[in-house]
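*Asks:* Each chain, written out:
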Amino acid sequence: MENKTLVMKSITKSFPGVLALHDVDFEVKPGEVVGLMGENGAGKSTLMKILTGVYQPDSGTITWGGKQVSFATTRQAQAAGISIIFQELNNCPNLKPLDNLFLGRELDRKNSPFLDLKMMQEKAVEVFKYLDVSVNMDIEVRNLSTAQQQMIEIAKALLTNASLLIMDEPTSSLSDREVTKLFSVITELKSRGISVIFISHKLDEVFEITDRIVVLRDGESMGELVTKNSTQKQLITKMVGREISNFYTQRTSKATDEVVFEAKNLSGPPYVEDVSFAVHKGEIVGLAGLIGAGRTETARLIIGAAKKTKGEILLDGKPVEIRSPEEAVAHGIAYLPEDRKVQSLILNMTVRDNLTMSIHKVLTNWFGIINRTQERQITDKYIKSLDIKLTNREQVISGLSGGNQQKVVIAKWLATVPRLLILDEPTRGIDVHAKSEVHRIIAELADSGVSIIFISSELPEILELSDRVVVMREGKVCTILDRKDATQETIMNAAFSGSANDVKETA
Amino acid sequence: MGKKQARGWSVVSAIVKQRESAIFLALLIMIAVIQIMAPNLLSGNNVYLVSRQIALVAIVAIGELFVILTGGIDLSVGATMGLAGVASAGAMVAGVNPWLAILFGMVVGVLIGIFNGWLVSYVLIPPFIVTLGSQEIARGTILIVTKGWPITNIPKSILFIAQGDFLHIPVPVWIMLVVAVIAQMVLTKTSFGRRIYAIGGNETATFLSGVNVKKIKFFLYVIAAFTASIVGIILVARFESAQADAGTGWEMQAIASAVIGGTSLAGGAGSVLGCVIGACIMGILANGLVLMRVSSYWQTAIIGVVIVLAAVLDHFRKK
Numbered sequence: 001m002e003n004k005t006l007v008m009k010s011i012t013k014s015f016p017g018v019l020a021l022h023d024v025d026f027e028v029k030p031g032e033v034v035g036l037m038g039e040n041g042a043g044k045s046t047l048m049k050i051l052t053g054v055y056q057p058d059s060g061t062i063t064w065g066g067k068q069v070s071f072a073t074t075r076q077a078q079a080a081g082i083s084i085i086f087q088e089l090n091n092c093p094n095l096k097p098l099d100n101l102f103l104g105r106e107l108d109r110k111n112s113p114f115l116d117l118k119m120m121q122e123k124a125v126e127v128f129k130y131l132d133v134s135v136n137m138d139i140e141v142r143n144l145s146t147a148q149q150q151m152i153e154i155a156k157a158l159l160t161n162a163s164l165l166i167m168d169e170p171t172s173s174l175s176d177r178e179v180t181k182l183f184s185v186i187t188e189l190k191s192r193g194i195s196v197i198f199i200s201h202k203l204d205e206v207f208e209i210t211d212r213i214v215v216l217r218d219g220e221s222m223g224e225l226v227t228k229n230s231t232q233k234q235l236i237t238k239m240v241g242r243e244i245s246n247f248y249t250q251r252t253s254k255a256t257d258e259v260v261f262e263a264k265n266l267s268g269p270p271y272v273e274d275v276s277f278a279v280h281k282g283e284i285v286g287l288a289g290l291i292g293a294g295r296t297e298t299a300r301l302i303i304g305a306a307k308k309t310k311g312e313i314l315l316d317g318k319p320v321e322i323r324s325p326e327e328a329v330a331h332g333i334a335y336l337p338e339d340r341k342v343q344s345l346i347l348n349m350t351v352r353d354n355l356t357m358s359i360h361k362v363l364t365n366w367f368g369i370i371n372r373t374q375e376r377q378i379t380d381k382y383i384k385s386l387d388i389k390l391t392n393r394e395q396v397i398s399g400l401s402g403g404n405q406q407k408v409v410i411a412k413w414l415a416t417v418p419r420l421l422i423l424d425e426p427t428r429g430i431d432v433h434a435k436s437e438v439h440r441i442i443a444e445l446a447d448s449g450v451s452i453i454f455i456s457s458e459l460p461e462i463l464e465l466s467d468r469v470v471v472m473r474e475g476k477v478c479t480i481l482d483r484k485d486a487t488q489e490t491i492m493n494a495a496f497s498g499s500a501n502d503v504k505e506t507a
Numbered sequence: 001m002g003k004k005q006a007r008g009w010s011v012v013s014a015i016v017k018q019r020e021s022a023i024f025l026a027l028l029i030m031i032a033v034i035q036i037m038a039p040n041l042l043s044g045n046n047v048y049l050v051s052r053q054i055a056l057v058a059i060v061a062i063g064e065l066f067v068i069l070t071g072g073i074d075l076s077v078g079a080t081m082g083l084a085g086v087a088s089a090g091a092m093v094a095g096v097n098p099w100l101a102i103l104f105g106m107v108v109g110v111l112i113g114i115f116n117g118w119l120v121s122y123v124l125i126p127p128f129i130v131t132l133g134s135q136e137i138a139r140g141t142i143l144i145v146t147k148g149w150p151i152t153n154i155p156k157s158i159l160f161i162a163q164g165d166f167l168h169i170p171v172p173v174w175i176m177l178v179v180a181v182i183a184q185m186v187l188t189k190t191s192f193g194r195r196i197y198a199i200g201g202n203e204t205a206t207f208l209s210g211v212n213v214k215k216i217k218f219f220l221y222v223i224a225a226f227t228a229s230i231v232g233i234i235l236v237a238r239f240e241s242a243q244a245d246a247g248t249g250w251e252m253q254a255i256a257s258a259v260i261g262g263t264s265l266a267g268g269a270g271s272v273l274g275c276v277i278g279a280c281i282m283g284i285l286a287n288g289l290v291l292m293r294v295s296s297y298w299q300t301a302i303i304g305v306v307i308v309l310a311a312v313l314d315h316f317r318k319k
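Quick mapping for you: the protein sequence lines, in order, are chains A and B. Everything in the first sequence is counted per UniProt numbering, starting at 1 for the first residue and increasing by one. Everything in the second sequence is counted per UniProt numbering, starting at 1 for the first residue and increasing by one.
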């Protein structure tokens with residue numbers, strides 16, 4: 001692996017009607033970790049796609065290791081040592097790690113059409129040793145954790161002799177501990193002269209791992225920050241072009257004493273065991289914990305998307321039986337799932353279709369015919385009140401930005417006029433500005449009397465919004481913290497060790 | 001003037017962008033070409049016969065469309081036609097009132113749909129396997145009951161449902177129109193229809209939106225069996241007998257009509273109009289090849305090429 005410097009100069013790219021990138025300079029030195037930041041639509045992915053040969057720039061030059069290059073395909077970029085690891089990991093879940101590692105680059109035995117399994121095995125062991133990670137090679141990739149799958153992607157890139165790795169939102173579905181592991185791998189790569197471009201929405205992580213941060217806004221370079229000399233506030237200002245004053249400030253709760261929802265000894269093995277907690281009217285209860293702690297599974301038990309083996313759910317003190325999301329909606333419980341594209345949106349349908357999907361009961365007459373006028377009115381009302389940016393309500397939803405898509409999903413659930421709203425990672429993968437808007441919407445909802453369960457893996461937003469924090473660990477509630485006792489430290493201690501005070505970390 | 005022109009243009013462009021326009025244009029071109037080479041295509045008698053045939057395929061295709069829209073498939077519609085026909089013919093011959101006999105045939109056909117729907121939706125067996133199996137079950141049942149012999153002596157009073165006409169248009173075409181209008185209404189105006197498309201687009205999201213996905217999928221197979229049964233019984237009236245092999249291969253014609261009409265086998269996209277146009281293309285092409293005296297060996301191959309071509313064109317149109 002050689003150590004090469006990347007210089008992208010005056011890159012300009014336009015698509016019909018949009019100037020995606022305008023005169024952008026971007027440089028990465030050997031062994032450097034560079035953060036690439038910007039709101040969604042700022043041009044980060046376009047820039048990376050130009051680098052990896054997916055798009056061709058309209059003008060500008062790319063120099064790689066002193067030579068001017070132009071990649072026509074991702075494969076050419078890979079051959080030159082530039083690899084990208086996508087947010088949605090591109091592997092074959094039905095194959096084992098080894099098959100994935102050498103996919104498309106299988107090694108054959110000399111002068112024979114048969115695979116040289118021994119050679120491939122050796123190389124795999126070597127690369128994992130180099131990364132200092134252990135991966136179970138005997139099971140299919142779908143059974144590995146996201147973190148391990150990511151390590152396979154990184155290993156795969158190293159096997160192609162990559163000297164520049166692009167990581168697009170690599171931590172979005174990792175637990176904190178897994179992030180730590182990833183960062184130690186990045187540090188290791190760095191020490192060997194391999195450069196990393198790190199794209200993320202998570203400021204803490206960007207500040208922890210990068211040497212330098214390049215900021216894009218509306219397709220233009222906003223300059224760069226040397227990480228160790230800068231503050232998060234400076235970065236945010238650069239990204240959004242204005243100061244977000246209420247960033248990470250805490251809201252004033254209007255929660256009442258009235259218990260709206262209560263879960264008692266909810267169990268659904270193997271993910272959830274004996275979970276009990278209550279939510280008051282107008283209260284936001286944060287549900288914190290590591291990935292795999294059983295938060296999403298708890299939500300799925302509540303709405304009847306998964307079968308519970310034990311326990312009960314009380315609404316207004318009365319036990320209710322909820323066997324399906326349909327019944328949950330009928331009881332005024334709304335659940336916004338964590339994966340927008342897979343679980344929330346019908347991508348080929350219009351904004352209107354998506355927004356009204358859960359309120360057909362209200363919109364239909366006795367024959368099941370939908371009242372179009374009423375449907376349009378409701379759609380327009382939420383587009384306006386949530387300030388959803390679109391050209392037309394009849395637009396296919398896949399054309400909206402992530403933040404606006406998420407607002408449509410929120411609108412879909414608000415339209416059901418829920419008493420209990422369960423939000424599962426509602427700000428995942430949306431830009432800083434949209435995120436603060438979603439936070440504002442959540443706070444306003446609670447103030448209007450809706451009870452909210454807020455699941456998030458980002459502690460700052462849990463702390464910003466929650467009145468109480470339920471911390472889960474290995475399928476159980478390990479502690480419930482009042483707002484005044486909740487800090488990043490107490491929550492993380494509980495999530496790792498089961499107690500808010502015990503600092504000892506279990507292995 | 002300019003404004004008017006612009007508005008006119010936007011109407012034209014809206015029509016062109018319609019999923020069905022390209023395929024409708026292909027139909028018109030095909031009719032024109034065949035008409036030039038075989039001028040009796042558009043003769044009154046030929047149109048009468050071809051339209052009746054097309055109508056029957058279209059009815060089955062519309063039922064199949066409901067299933068395909070959710071990403072499912074029903075391979076049993078052909079055998080369901082046969083079974084519904086045999087059941088009603090058998091009842092008629094046994095002396096049951098012909099209309100009650102028809103009702104009986106419909107019920108028997110729908111039972112296949114209930115069987116399919118239950119296994120697919122509630123037992124979660126892949127539809128391909130379920131309907132492949134139920135196809136054989138239905139076909140086998142027909143053979144057990146008839147021992148392979150046709151059931152004849154069908155009462156004359158019901159023959160008009162296949163052989164009659166109203167305002168010079170064959171009764172089956174009227175039946176097709178009624179089925180098409182109802183299906184169109186259901187798919188575009190009702191919650192049920194909206195949800196069918198939603199399931200085809202993203203089943204998980206639809207389920208989590210609070211839709212009873214299982215119930216809807218169950219009914220789709222019942223609908224497909226229902227429309228197939230209608231056609232099975234019309235075929236009895238047309239041939240004045242119930243044949244043991246009636247409906248053989250119709251599932252493929254129905255699926256092909258839907259696909260030629262722009263229905264995506266992955267679900268989420270397709271329309272009643274597309275199905276009807278698809279059935280027209282299949283029917284007129286088959287008829288045209290006969291009129292042009294193309295060898296029947298070639299006919300089969302040419303129809304196959306058209307099906308593949310339609311799928312390829314649709315793929316590129318989407319891009």
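Accuracy of the hints is not assured; some may be wrong.
Unchecked claim - Listed below are the simulated BS3-like cross-link pairs for lysine-lysine, each with C-alpha atoms no more than 27 Å apart in a straight line:
1. Lys189/B x Lys361/A
2. Lys341/A x Lys214/B
3. Lys361/A x Lys214/B
4. Lys215/B x Lys341/A
5. Lys147/B x Lys341/A
6. Lys381/A x Lys214/B
7. Lys307/A x Lys156/B
8. Lys384/A x Lys189/B
9. Lys96/A x Lys67/A
10. Lys215/B x Lys307/A
11. Lys214/B x Lys310/A
Rather than coming from a laboratory, the hints here were simulated on the basis of the structure.
*Asks:* Go through the numbered hints given earlier and state which of them the structure violates, listing their numbers in rising order.
*Replies:* Those not satisfied are hints 5, 6, 7 and 9.
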